[in-house]
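Sequence lines, in order, name chains A, B, C and D. Counting with the numbering used here, you get residues 56 to 281 for the letters of the first sequence. Counting with the numbering used here, you get residues 630 to 805 for the letters of the second sequence. Counting with the numbering used here, you get residues 77 to 280 for the letters of the third sequence. Counting with the numbering used here, you get residues 17 to 506 for the letters of the fourth sequence.
These aren't lab readings, by the way, just hints derived from the structure by calculation. Where is the CB? At the ideal position from N, CA and C, for every residue including glycine. One or more of the hints may lead you astray.
Stated by the list, open to error - Below, a list of computed lysine to any residue pairs in the SDA-like style, where the Cα atoms sit at most 25 Å apart:
no.: 1; chain 1: D; residue 1: K291; chain 2: B; residue 2: T733
no.: 2; chain 1: B; residue 1: K800; chain 2: D; residue 2: H457
no.: 3; chain 1: D; residue 1: K291; chain 2: B; residue 2: D722
no.: 4; chain 1: D; residue 1: K358; chain 2: D; residue 2: K206
no.: 5; chain 1: D; residue 1: K434; chain 2: D; residue 2: R387
no.: 6; chain 1: D; residue 1: K291; chain 2: D; residue 2: R387
no.: 7; chain 1: D; residue 1: K358; chain 2: D; residue 2: V436
no.: 8; chain 1: D; residue 1: K358; chain 2: B; residue 2: V652
no.: 9; chain 1: D; residue 1: K434; chain 2: B; residue 2: R655
no.: 10; chain 1: D; residue 1: K291; chain 2: B; residue 2: R669
no.: 11; chain 1: D; residue 1: K206; chain 2: B; residue 2: P676
no.: 12; chain 1: D; residue 1: K358; chain 2: B; residue 2: V710
no.: 13; chain 1: D; residue 1: K358; chain 2: B; residue 2: D722
no.: 14; chain 1: D; residue 1: K206; chain 2: A; residue 2: M161
no.: 15; chain 1: D; residue 1: K358; chain 2: B; residue 2: C653
no.: 16; chain 1: D; residue 1: K358; chain 2: B; residue 2: V661
no.: 17; chain 1: D; residue 1: K358; chain 2: B; residue 2: K732
no.: 18; chain 1: D; residue 1: K358; chain 2: B; residue 2: G646
no.: 19; chain 1: D; residue 1: K206; chain 2: B; residue 2: I647
no.: 20; chain 1: D; residue 1: K38; chain 2: D; residue 2: S50
no.: 21; chain 1: D; residue 1: K206; chain 2: B; residue 2: V666
no.: 22; chain 1: D; residue 1: K38; chain 2: B; residue 2: T665
no.: 23; chain 1: D; residue 1: K206; chain 2: B; residue 2: T665
no.: 24; chain 1: D; residue 1: K358; chain 2: B; residue 2: I647
no.: 25; chain 1: D; residue 1: K206; chain 2: A; residue 2: G129
no.: 26; chain 1: B; residue 1: K732; chain 2: D; residue 2: R387
no.: 27; chain 1: D; residue 1: K291; chain 2: B; residue 2: R655
no.: 28; chain 1: D; residue 1: K291; chain 2: B; residue 2: K732
no.: 29; chain 1: D; residue 1: K206; chain 2: B; residue 2: W679
no.: 30; chain 1: B; residue 1: K800; chain 2: B; residue 2: D722
no.: 31; chain 1: D; residue 1: K206; chain 2: B; residue 2: A668
no.: 32; chain 1: D; residue 1: K291; chain 2: B; residue 2: R674
no.: 33; chain 1: D; residue 1: K206; chain 2: A; residue 2: R258
no.: 34; chain 1: D; residue 1: K434; chain 2: B; residue 2: G646
Unchecked claim - Estimated spans, in silico, between C-beta atoms of each pair:
no.: 35; chain 1: B; residue 1: V633; chain 2: D; residue 2: S309; range: 55 to 63 Å
no.: 36; chain 1: C; residue 1: E270; chain 2: D; residue 2: M153; range: 20 to 28 Å
no.: 37; chain 1: A; residue 1: M242; chain 2: C; residue 2: D103; range: 50 to 58 Å
no.: 38; chain 1: C; residue 1: L84; chain 2: A; residue 2: R134; range: 21 to 29 Å
no.: 39; chain 1: D; residue 1: T158; chain 2: B; residue 2: Q632; range: 40 to 48 Å
no.: 40; chain 1: D; residue 1: M153; chain 2: B; residue 2: V633; range: 49 to 57 Å
Residue strings, one per chain:
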Amino acid sequence: MMVHLDRLRAVVRAAASLTRRLPLVSLLLAVLLLLPPLRAFGEATMVRQMLVQMPLIVLAGWCAGRAWVRAPEGSRAARLRSFADSFNRAGATGIVIASFTMILWMLPRSLDAARLSFGIDALKFASLAFGLGLPVAWSWVRCPPIARAVIHVEVIATLARFGWGFAAADERLCASYLQGDQERAGMLLVAAALAWAVVVAWRPLFGGLGGGKPAAKADRRDGAIA
Amino acid sequence: MQQVAWELSLVLMALVGIVFLWVCARSGGAPVDAATVSARGYRWRGPLVWVALVAGVVIAIGTLRHWPLPAYARDAGAPDVVVQATARQWSWDIVPDTVPAGKTVEFQLHSTDVNHGFALYRDATHVVAQAQVMPGYVNRLRVRFDQPGEYQVLCLEYCGIAHANMRAVVKVVAGS
Amino acid sequence: MVGMARTLGASLVALAAGLAVTWAATDGFTAFTLETARRAAALAHPAPVPALPLRFADGQLRRLADLPEQWLLVDFVYTRCTSLCLAQGSADARTMELLASEAAQGRVALVSISFDPDHDDPAALRAFIARDGAAPPGRLAAAPAATQDVARWLDAFGVVVIDDGAGGYAHNEAIGIVDPDRRLVALIDAGDPEAAVAALRVRW
Amino acid sequence: MSAYAASVKPAPFVTPDTPRAKFAFQLYAAVGISVFLLMMVAGVIMRAGQGAWLGIPPNYFYEVLTLHGAGMVGTAGLAGAAVMWYFLRRYVELSNGAFLAMMGLSLVGVVLILLSIGLGGFAGAWTFLYPLPGHGMGLWGTGAAATFMIGYLAIGVGFLVFYADCALAIIRRYGSLARGLGLDQLISGKVDPAHPAAVVASTMAVIVNVLGILGGAIVLVMTLVALYEPGIAMDPLLMKNLIYFFGHVFINVTIYMAVIGVYEIIPRYTGRPWKVNRAFLGSWAAVVLLVLSVYPHHLLMDYAMPRWAAAMGQIVSYLSGIPVILVTAWGALVNLHRSGAKWDTPLRLVVLGVFGWAAGVIPAIVDATIRVNLVMHNTLWVPGHFHFYLLLGMLPMVLGTLLYACTREGRASAPLDKLVFWGYAIAGVLFCGVFLDSGVHGIARRFATYDAPWIGYAQAGAVAGTVVLVCVLFLGGRILARLPRASLAA
C-alpha cells in the first residue's frame, strides 16, 4: 500500500515539475510550430491557422506569462514584474494590448500576410505569444470582476462577428485560402463564440443551484463571473 | 379587420381602465385586513389565467389554422396574374400595373437596395394588405381585389429621406 | 496613485500604438484584405512590371516592353483550368469585342500570362486564346520563359496561386492595366469587362 | 410610511448611503429628466410638422426622428437602470463606480450620436435597419453611419458594466443568478416570501439584456463591416432578426427595470408587503424566455421568415400579456384594494404606470395577430401601442420613483399637482389614442409629410403632445427642484 502511495506521489511530483516547466515546453512548442514543415502544416488551411495554430501560440505565451506572474519573490523576473505591475493597474494596459493583438491577427489581410511571408509570420508568433497570451496571463488576475465580464462579452461578440463575416462573405477574403475553408472557419468561430458563452455563463447562472452555501461560494477570490 | 382590432382593443383597454379606477376609488377609507383582501383578490386570478390561456389558444388556432397570409406561393395553385414590383430608393417599378378584379394577383416583391414596405391602399385611409420588401429575397403577396379602382402603393418601411414620396398606383379593372 | 497615473499613461500609449499599428496594417482602416490592398497599392504607386522574357503563343520570346501596343491588359491563367477560367475566358472575349477597333489599330492588347509554364507551351496557349477559331488581333497569351520566374510575375501583380484541392489552382483574379511605360497602374475586377474598358479609356 | 414600517421589517440596507451614491442618483435623475423633455420636444415638433403647422424639410424631420428614437430608447434604458439601482442596492452591494461608468460611457455615446446626426446628417432611424445605414444617398456618408454605430457600442459597453456589477452583486448575495430569480424556490416549491421582488426583476433584466446587448454588439459591428467592406454582404433577413432582437429586448427591459419601482413603492403606501409567491416567480422565470423569443412579431410581414417563427411571434406575444396584466397589474390592484393608502403624486404616477403598461399591452397583442398585422404593421398603430406603455407606463413609473425618492418628508401634494397629474394622464391617453386611431385609418408610420386626410390626426396629436409636454415639464421641474433633498433610503 505504502509503495503505491509513494509511486503516486512521485507521479504527482513529476507532473508538478512538468507544470513548472510548462512555459519552457510551450515556448519550445511555439518555436517548433514556426519551423517550415510544421508551419506549412499549421497554415495549410484557414481553419488550422485560426483555430489550431494561433490558439497554440497564445497558449504558449499564456504559460510564459503564468510563470512570470508566479515567479518566486526576490527573483529578477519578480522584480521586473512588480515594476511592470505599476503600469498595469487592474490589468488595463495588458488588456488593451491583448485586444489589439487579437483583432489584428483575425483580419483576413493579416492571415494572408502571415501565410505568405516568413518575416510577418515570425512577427505573428512573437506578438501572439507576447502580445496576447502573456499579457492575458499577466493582467487577467488583476482585472476586476466587472471588467472580466465585459471582456468575456466582447470576446464572444468578436468571435461571432469575425465568424459571421467569414461565413457570409461571398468572395474569398484571403488569397491564400479557399472559399469553403473560409466558410468552415467562420462557422467554427461562431461555434467557438457559443461554446465560450455557455462556459462562462454557466456558473453565474446556475452556480449555486446545486446546493452548498451560496455566500461562501461567492466569496471566492475569482468571483463567479471569472 | 381594422375596426375589429380597434373596437376589441378599446373595450379591453377601457376594462383595464375601469378596474383601475374602481380599485383606486376604493383604496382610501378605513383599511381592510390585507390577508382578507388578498385571499379574495387572488381567488379570481387562477381561473382568469386559465381563461386567458384558453382564449389565447382558441384565438391562435382560429387565426392561424388557415395560414393568415395569402402570401406563400407554395400554398395554393398558380395565381391568375403575376405582378413584378421592384422597389428602389425612392420609386416603384410595377409591371403590369393594371390587374383584373376578382382574380388572385401575386405581387412578387423585389428590392434593389434597402428594406422597403409594399402596402396597397384602397383610399388614403384604408390598408388592404402589405408585405416587407427586402434585398436578396422575393416576398410574394397575394391579393384578390373585390372592387375595381385605383389602389395607391405606399412604402411602409422607412427607407431614407423620400420615404413618404415613394408611391405608385395599381389599377384594378372590372373582370371581362 | 503612482500606479494609477502610470497605468493611465501606459494604457493610452498602448491604445495609441494599437491604433497606429492597425492603421498601418490596414492602410488607414481602408484595406482589410490583401486583394483590396494590392488594388489600392497599384493605384497609389504604379510599379514597373518585370522585364523578364515571356514565351508567347507564337513561340517567340519577348518582354512586355517589347510589345508594340501602347496599353496592355494583363490577367493570369492556366490553360488546364476548367472552372472559373471559363467565365474568365468569356469575359476576356467580351473585353476584346469592346476594344476591337483600338486593338485593330494596335493601341491595346490583352495578354494572358500563364503561371503554369511547364504545361502551357505555345501550342496550349494558342489553343487557349483561339478557342473559337482564330485569336482576334491584340489577343495574346504567354508564359514565363523560365519556371523560376513565375514567382516574380505573380509577386509583381500581387497574385496568389493556391491548390484548389481538386487537381487545379485557385487564384485571386483581376485584370491589370499596364501603361505605355510598362507600369502596373490599376487592377480591375476580372468579371467586369465594361469596368475594365472604362478604366482603360479614362487613361487614354 | 409608518403603516408599512410597523407591519414589515424594512429591507436591509446593504449598500452604504454615501454622498457619492447620492450624487450618482441625482445625476441620473437630472440627465434623465432633461433628455426625456428634450426628446419630447422633438416628438411634438414631428407631430406639428406632420400636421402642417411647421414646415420641416424631410431631411431634418428624419434626423429628428432618429434623434427622438435613439434618445428616448437610451434615456429609457438609463432611467430604468436608475430605478433598478435605487432599489436593488438595498438588497445587494452595488458599486457606485459601475453605475457612474454607465453614465460616462453613455454620454460618450450620446456625443457621438449627436455628431453623427447633427454634423453627419445621419437619419437611418434608431433601428439602423441594414442596409439603410450604407445607403444614405448623399444625405449622410459612411463616416456618419459609422459614428452612430460606435456611439451605440459605447452605450452598450456602459450598460454591460452596470449589468455585470448587478450580476456579480446578486451572485455574491444569493449564489447564482438562478437563485436571484428564485428558480430554486420555484423548483423545490419552498417559496421564501421575503425574497425581494426587486431582486427577481433585476435578475431577469440582467440576464435578458446582456443577451440583447450581445446581439446588438454583433449586429452593430457587422453593419460597420458592411459599410467598409462591400465584399462581405450580410444576409438582410438575418441582420433584421438580430436588430429587432436587440431593439425589442433593450426597450422591453427598460419597463421591466422600471416596474421595480412599483413593487417597492406601492407597499410603502398600503402597508402591505409585496410578497413573492409561486405565480410571481414562475411568471418572472417565464418572462426571461418570453422577452427573448417574442421579437419575431416585428417580422410578421417578412414572408421569407419561416412560418413557425411567425406563429411563435403571435403566440409568445399573447403569453407575454399574462405576467403583465395578471401578475403585476393584478398584484398592484390587490395590494391597493381597500388598503387605506394616502394618495399623493408619486403613488398616482406609479399606479398610472401600471395602468399604462397593462393597457398598452393590449393593442400590442392585437397587433401581434398576423391577420391584424397584415393591415396595421408600420402604421401609426405601432407607435400608438409602444407610446402607450412607454409614455404612460414606463415614464410614470420612473417619474413616480424619482419623485418618491425626493419627497420622503412632506408628501402632501397641492391641488395643482393633482391637476397636472390628470392632465398628463388624460392628454397622454389621448395622444396615444390618436396614434392608434391613425393606425386604424392606415396612416403610415415615419412619414415626414402627410396627405390631406391624415393632417387632422397629426394636429390632434400635436395638441395632446404639447399638453403632455407641459405636464411632464411641471413634474420634471418639481423633481429637479427637490433633487437636493433626494434620499437613497426613502
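Comparing the hints with the structure gives:
no., hint, result
1, D:K291 x B:T733, "58 Å, violated"
2, B:K800 x D:H457, "21 Å, holds"
3, D:K291 x B:D722, "61 Å, violated"
4, D:K358 x D:K206, "34 Å, violated"
5, D:K434 x D:R387, "42 Å, violated"
6, D:K291 x D:R387, "40 Å, violated"
7, D:K358 x D:V436, "18 Å, holds"
8, D:K358 x B:V652, "14 Å, holds"
9, D:K434 x B:R655, "18 Å, holds"
10, D:K291 x B:R669, "16 Å, holds"
11, D:K206 x B:P676, "23 Å, holds"
12, D:K358 x B:V710, "67 Å, violated"
13, D:K358 x B:D722, "64 Å, violated"
14, D:K206 x A:M161, "50 Å, violated"
15, D:K358 x B:C653, "11 Å, holds"
16, D:K358 x B:V661, "14 Å, holds"
17, D:K358 x B:K732, "65 Å, violated"
18, D:K358 x B:G646, "20 Å, holds"
19, D:K206 x B:I647, "36 Å, violated"
20, D:K38 x D:S50, "18 Å, holds"
21, D:K206 x B:V666, "23 Å, holds"
22, D:K38 x B:T665, "39 Å, violated"
23, D:K206 x B:T665, "23 Å, holds"
24, D:K358 x B:I647, "20 Å, holds"
25, D:K206 x A:G129, "55 Å, violated"
26, B:K732 x D:R387, "21 Å, holds"
27, D:K291 x B:R655, "22 Å, holds"
28, D:K291 x B:K732, "60 Å, violated"
29, D:K206 x B:W679, "23 Å, holds"
30, B:K800 x B:D722, "14 Å, holds"
31, D:K206 x B:A668, "20 Å, holds"
32, D:K291 x B:R674, "16 Å, holds"
33, D:K206 x A:R258, "23 Å, holds"
34, D:K434 x B:G646, "18 Å, holds"
35, B:V633 x D:S309: 55 to 63 Å, "27 Å, violated"
36, C:E270 x D:M153: 20 to 28 Å, "24 Å, holds"
37, A:M242 x C:D103: 50 to 58 Å, "29 Å, violated"
38, C:L84 x A:R134: 21 to 29 Å, "23 Å, holds"
39, D:T158 x B:Q632: 40 to 48 Å, "45 Å, holds"
40, D:M153 x B:V633: 49 to 57 Å, "39 Å, violated"
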